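Here are the chains, one letter per residue:
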Amino acid sequence: MNRQTLFEKIWDSHVVHEPRGKPALIYVDLHLIHEVTSPQAFEGLRLSGRSVRRPDLTVATVDHNVPTIDRWFIKDEISRRQVEALKQNADDFGVRFYGIESDRQGIVHVIGPELGLTRPGTVIVCGDSHTSTHGAFGAFALGIGTSEVEHVLATQCLVQKRPKTMEVRVDGALPRGVTAKDVILGIIGSIGVDGAVGHVIEYTGEAIRTLSMEGRMTVCNMSIEAGARAGMIAPDETTIEYLEGREFSPKGQEWEAAVAEWQRLPTDEGARFDKTVVISASELEPYVTWGTNPGMVVPVTGRVPDPKSLESESDRTAAEQALRYMDLTPDIPIQDIAIDRVFIGSCTNARIADLRAAAGIVQGKQVAATVQAMVVPGSTQVKIQAEEEGLDRVFTDAGFEWREAGCSMCLGMNPDVLQPGERCASSSNRNFEGRQGKGGRTHLVSPQMAAAAAIAGHFVDIRDW
Amino acid sequence: MEPFTRLSGIVIPLPRVNVDTDQIIPAQFMKRIERTGYGQFLFNSWRYLPDGSPNPDFVLNRAEYEGASILVSGRNFGSGSSREHAVWALHDYGIRCVITPKFADIFYNNCIQNGVLPVALPEDRVQELIEKAERKPGYRLTVNLENQTIYDSEGFEDAFEIEPFIRERLLRGLDDIAMTLQEEDEIAAFEATRPSWLEPAKS
Ligand code: SF4
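Top line first, the protein sequences correspond to chains W and F.
Counting from 1 along the first sequence, just add 1137 to a position and that's the residue number in the working numbering.
Counting from 1 along the second sequence, just add 2 to a position and that's the residue number in the working numbering.
The hints are simulated quantities; they were obtained by calculation from the structure and are not laboratory data.
Misleading hints may appear alongside valid ones.
Keeping only pairs whose Cα atoms sit at most 25 Å apart, straight-line, the calculated DSS-like set for lysine-lysine is [claimed, not checked]: (1) W:1301 to W:1146; (2) W:1159 to W:1298; (3) W:1301 to W:1159; (4) W:1298 to W:1146; (5) W:1224 to W:1212; (6) F:104 to W:1159; (7) W:1412 to W:1146; (8) W:1301 to F:134; (9) W:1298 to F:104; (10) F:134 to F:104; (11) W:1412 to F:134; (12) W:1445 to W:1146.
Looking from chain W toward chain F, a few residues come up when the C-beta cut is under 10 Å (computed) [stated by the list, open to error]: (13) 1162; (14) 1293; (15) 1451.
Computed from a predicted structure; not experimentally measured.
Built from N, CA and C at the ideal position, the CB exists for glycine as well.
Given these sequences and hints, build the entire structure.
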């Protein structure tokens, strides 16, 4: 019997054409679009007189530029032009579009799953590196550049070299207080920010299986932060339960047929991966990044590392540069680091489960006087649901700002930015220099850890909360 | 796309690892809806001081490196965001070839799409080039894609690997879309076999 991995099953069922010695042409089941990486692709289509081959498999929304206070008024003219361009392009080419006025609008990686557009066994692309999020459903979901966006619009196919496979197995049960975010930060800390370049990761093991869909999305979301082409988790009962009854999920007989297909997807017993990494869940802790990439991470109980302790010269230099940028000195305890801002949001951690968890931490408490904190739901649907549950009140009563859905301060592109020198505990995915605004200093943490830091004014161990 | 055959040019050294696309072009400069005009924003945070004046210490602001077309940097270059704006910024600035021990996947693809040649060399060779370019501003390299070699006038010479298909594409300046559209029959045949549950259901 030909034993196959989840990835290989999806790949094989999507190859249109794989000439010897050349990359394959693979068929795309869902193409998600946002305003930043698509205008040049649509313009390319116009210039060459091409159309969108499958507008019915293409869905667009606005997220990166959307202001989270007064969304009806985009002050920045170039931002507004980008948002308007997407609406125009969607109209001209017949693509379904969820604009600022839509209650389906949100971060592209949050709305795909919640609308039931994301499904197991499919190939999903988007001009955005965090497309890996959708892999949580057992899809092969990958980020592409704008030229490739144009290619997919025109042909519904992607030219792609077959990636290698990598299993990341997290054995055992997660200790109390260790979240999905900590799992992925721990993995990146251990394999490095280029540890999975050229590979598709499949996350396996008990700790992964017991995660909710939201937790699985958090893990897969940050696969790109380890350099992976994509990340994925085999579909199971949790996946099926999440998808049943969603707006675009298959219905009736179609649903039955789809579920039967999905049950055949998990990696066969004995199938081989090009690489396997095993991590023991019991060794994972709540993490905080100290540097300028997600691999620069230590447990909350740890200290800022001393670059001198690093082996390679390039790592030493990188750590020194990072500490200078972050304005941190070696060996200080992480819990002594005071923060100015807290951001709970982004496609990594702004789903309803994340907001519930963070609200549980802040309930009845007050944000420290020195901290400005905000919560930005990942989608308008998440916002509506959270408000129905009264979570908005929990946050605002504690002194958090409660905002409209969008990418917000995950990246410095809309009005939500850090000021130079400000230090932020953030539930997002990237702590690169200037990511949240020029000169801003980002520490990546789980939403629970971010919430607790907002109250305490510095990092604290959520396990003592 | 312009074909890439052979290039001789000044080398910019960037002795850092994990240079991410947020450094190559920060998000606030990605609001344009055109493909051009990003060169002025290349490495913005390193290139300009907080008051907006050029940082005299940064390599791009030194006269000796003016007109450079080759960039050499540490491993995992182009990591992070998928923004093709990063390659557009490099290209617009004049860079036609990037040399590093290891490329991030999406960035690598984006280079190919824009006729920028990505060359992967072993870590010690890259280090050697960085040192040469730092020691001797204005240092030049020649990259020949036809025979996959890279050399200078002082005896440095190396061969580099590149997928034959990618080499061919760059040499001829081919466009993927036109090539794929020739497979229309196969795409249509594949499409006909897709199960109906794959279409988004109307609720
Ligand atoms: S939330 Fe952040 S990482 Fe996610 S799509 Fe938006 S900008 Fe990108």
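Hint by hint, here is what the structure shows:
no.	hint	in the structure
1	W:1301 to W:1146	13 Å, holds
2	W:1159 to W:1298	7 Å, holds
3	W:1301 to W:1159	15 Å, holds
4	W:1298 to W:1146	16 Å, holds
5	W:1224 to W:1212	18 Å, holds
6	F:104 to W:1159	21 Å, holds
7	W:1412 to W:1146	18 Å, holds
8	W:1301 to F:134	35 Å, violated
9	W:1298 to F:104	17 Å, holds
10	F:134 to F:104	20 Å, holds
11	W:1412 to F:134	36 Å, violated
12	W:1445 to W:1146	46 Å, violated
13	1162	6 Å, holds
14	1293	7 Å, holds
15	1451	5 Å, holds
The structure shown violates the earlier hints numbered 8, 11, 12.
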